[in-house]
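All chains should be modelled from the sequences, with the hints used to inform the complete structure.
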Amino acid sequence: MTPAASGSGHNWRRRIRNLGLVAVMVAGLVLCSTTANLVIENAERSSIAPYGQRVQISHGELNVYRASAPRAHLRRSCC
82 MTPAASGSGH NWRRRIRNLG LVAVMVAGLV LCSTTANLVI ENAERSSIAP YGQRVQISHG
142 ELNVYRASAP RAHLRRSCC
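Numbering (this note's numbering), first residue to last: 82 to 160.
FYI, nobody ran anything at the bench for these hints, they're computed from the structure. By construction, the Cβ of each residue, glycine as well, lies at the ideal position given by its N, Cα and C atoms. Accuracy of the hints is not assured; some may be wrong.
Label-pair restraints from in silico Cβ distances [stated by the list, open to error]:
{"no.": "1", "residue 1": "L143", "residue 2": "L112", "range": "31 to 41 Å"}
{"no.": "2", "residue 1": "N118", "residue 2": "V145", "range": "46 to 56 Å"}
{"no.": "3", "residue 1": "N99", "residue 2": "A130", "range": "44 to 54 Å"}
{"no.": "4", "residue 1": "S139", "residue 2": "L102", "range": "47 to 57 Å"}
{"no.": "5", "residue 1": "R95", "residue 2": "Y132", "range": "39 to 49 Å"}
Listed below in structure tokens is the structure:
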């Protein structure tokens, strides 16, 4: 067996191992990012005060806010 032939078996194992390490690192980063986003989102959601009136609809509930009527001086005709 030549040295090149004996080294090639070791080379593909190293590549597979390196690809596995990269995959584990990417999965770890995705897990950390997802966890951080969930924690930050929950903190932001708890600090926002609800507005308007809670209204029941067929798919859940909504906050409805009714703005005041438009003021006459803001409405301008085109001519």
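Hint by hint, which ones does this structure get wrong, listed from lowest number up? Of the numbered hints, 2 and 5 do not hold.
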